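A.B. asks: Line by line, the protein sequences are chains A and B. Quick note on my numbering: the first sequence kicks off at 1 and runs consecutively. Quick note on my numbering: the second sequence kicks off at 1 and runs consecutively.
Honestly, I wouldn't trust all of these hints.
You can't tell identical chains apart in this list, so a pair holds if it fits in one copy or across any two.
As the list claims (entries may be wrong) - Pairs of lysine to aspartate or glutamate residues, derived as DMTMM-like cross-links and limited to a Cα-Cα distance of at most 20 Å, are as follows:
{"id": "1", "residue 1": "Lys162", "residue 2": "Asp111"}
{"id": "2", "residue 1": "Lys241", "residue 2": "Glu186"}
{"id": "3", "residue 1": "Lys172", "residue 2": "Glu10"}
{"id": "4", "residue 1": "Lys172", "residue 2": "Asp28"}
{"id": "5", "residue 1": "Lys154", "residue 2": "Asp237"}
{"id": "6", "residue 1": "Lys154", "residue 2": "Asp233"}
{"id": "7", "residue 1": "Lys162", "residue 2": "Glu22"}
Calculated directly from the structure, the hints in this document are not laboratory data. Since the structure is predicted, the reported quantities are computational estimates derived from the model, not experimental observations.
2 protein chains.
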Amino acid sequence: MDDLVGQYFEAAVAHLRRVREEEAGSIDRAAALLADAVEQGRRIFTFGAGHSSLAAQDVVYRAGGLVVINLLNVPGMTGVNVMPAQLGSALERVSGLATATLDLTPATSGDLLFVISLSGRQVMPVELAAHARTRGMHVVGVTSLAYPGQVTSKHPSGTFLKDHCDVVLDSKIAVGDHELSHPGAETGFGSVSTIVTSALMQSVVASAVGKLADRALRGEGSTPPLFRSGNVDGGTDWNAKLMAENADRIYYTF
Amino acid sequence: MDDLVGQYFEAAVAHLRRVREEEAGSIDRAAALLADAVEQGRRIFTFGAGHSSLAAQDVVYRAGGLVVINLLNVPGMTGVNVMPAQLGSALERVSGLATATLDLTPATSGDLLFVISLSGRQVMPVELAAHARTRGMHVVGVTSLAYPGQVTSKHPSGTFLKDHCDVVLDSKIAVGDHELSHPGAETGFGSVSTIVTSALMQSVVASAVGKLADRALRGEGSTPPLFRSGNVDGGTDWNAKLMAENADRIYYTF
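One chain only, chain A, in its complex shape (with noise of 0.2 Å):
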């Protein structure tokens, strides 16, 4: 057999190498939103449905994370939690509950917006980042590229999540999102969504981190307002206290 799983790491570390290359730049200008949107009070919210909420949470309530970012939480969209698992992907396709459920959050003009969808061509991520928009939000799009050449679009107006972002990150995953094929097996396997899209979203806090300690240590601005690890002496309380100052826009907390 060949050594599958060397494979598997070969490629999530090619991906990993080749959108730090290529995304440099969008990184950089989802980070400046993401600094500007904390430093002047602005509503976070991140969202992604089914699997590509799994790097939207990795970014929320998270040590090392910024306290200020919220969970766009849609009922049956969270993940895989669902039952019926099909269920999760039906709800993508539904319009009105992307309208629906922004209209719900206190978010307005000048708030920010992260939708992660992989193939960005569903109802559910088009019509919440296009929503968000016409509301003056910044929307941050993470999807791949390559769909839209590939796939039609399953909105109406054809467009994909790509069409209506302020900045999009790339994660460059290819149709069918498979790294890995054996002459024994009916179809690829081996995806590294979860891995690119996570980090493309940790590299994007972490640069907007950056910007604001620079702007800390020039006098120009607070420390940017991080989570402790709760496994550190202390961590509780300091985030207890981090909770408390921000909670006019936390929204996942009493």
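Place chain B on chain A using the hints.
C.D. replies: What follows is chain B alone, placed relative to chain A:
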């Protein structure tokens, strides 16, 4: 400012290279358990709490993934979508939740459970793994062995997840889970744990698929039951057929 984005990606790549090198044997042993469970018609579950749920969900109901992997879905613990968010962490400390949850599944002797926990020290993952073993299940733990030497267990026994596993996959994430620092930031930031943990889970699945495909080519077994992408023609019909064929051990659909 230093190149935090570059540092982040280098840290992610270095971690992936390290686990590929040092965990190859454990990945192979976990994959052997998974391949045997698939072939023998066993039930297969994955569990993680909070952010550790993200890598668990990454291999469930996934294009290119095995149809027969189920999420052990504990309300409030699948990701960070519970309100208030602190409830997720609190539930990890509740004794009795693991046994109640597992006892309501049909899992029995010879079935397989993956338990993901970064620190491996909370009550829930320790109880879950220990209880699964008393039921005769095989347990694969994905955890960082950096924690047991530096923090104390929250379980009354003083044991960690690693102490209740047939195979341990060591993510080697340092205590605190951050790779970056900045003189203007009051705590470290830049987590790679989702990237590394997802890679470990995906590589185990890939290796198991390879083992099953090898056997199929030799005429010693069936081809591995893999989901196709919904973006590929006929993918949905193919997936429905596989889910029907494996309905007796799938718990995420009607």
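A.B. asks: Please go over all the hints and tell whether each is borne out by the structure.
C.D. replies: For each hint, the structure was consulted:
| no. | hint | in the structure |
| --- | --- | --- |
| 1 | Lys162 with Asp111 | within (19 Å within a copy, 43 Å between copies) |
| 2 | Lys241 with Glu186 | between (53 Å within a copy, 14 Å between copies) |
| 3 | Lys172 with Glu10 | both (16 Å within a copy, 19 Å between copies) |
| 4 | Lys172 with Asp28 | within (18 Å within a copy, 29 Å between copies) |
| 5 | Lys154 with Asp237 | between (47 Å within a copy, 18 Å between copies) |
| 6 | Lys154 with Asp233 | between (50 Å within a copy, 15 Å between copies) |
| 7 | Lys162 with Glu22 | within (17 Å within a copy, 39 Å between copies) |
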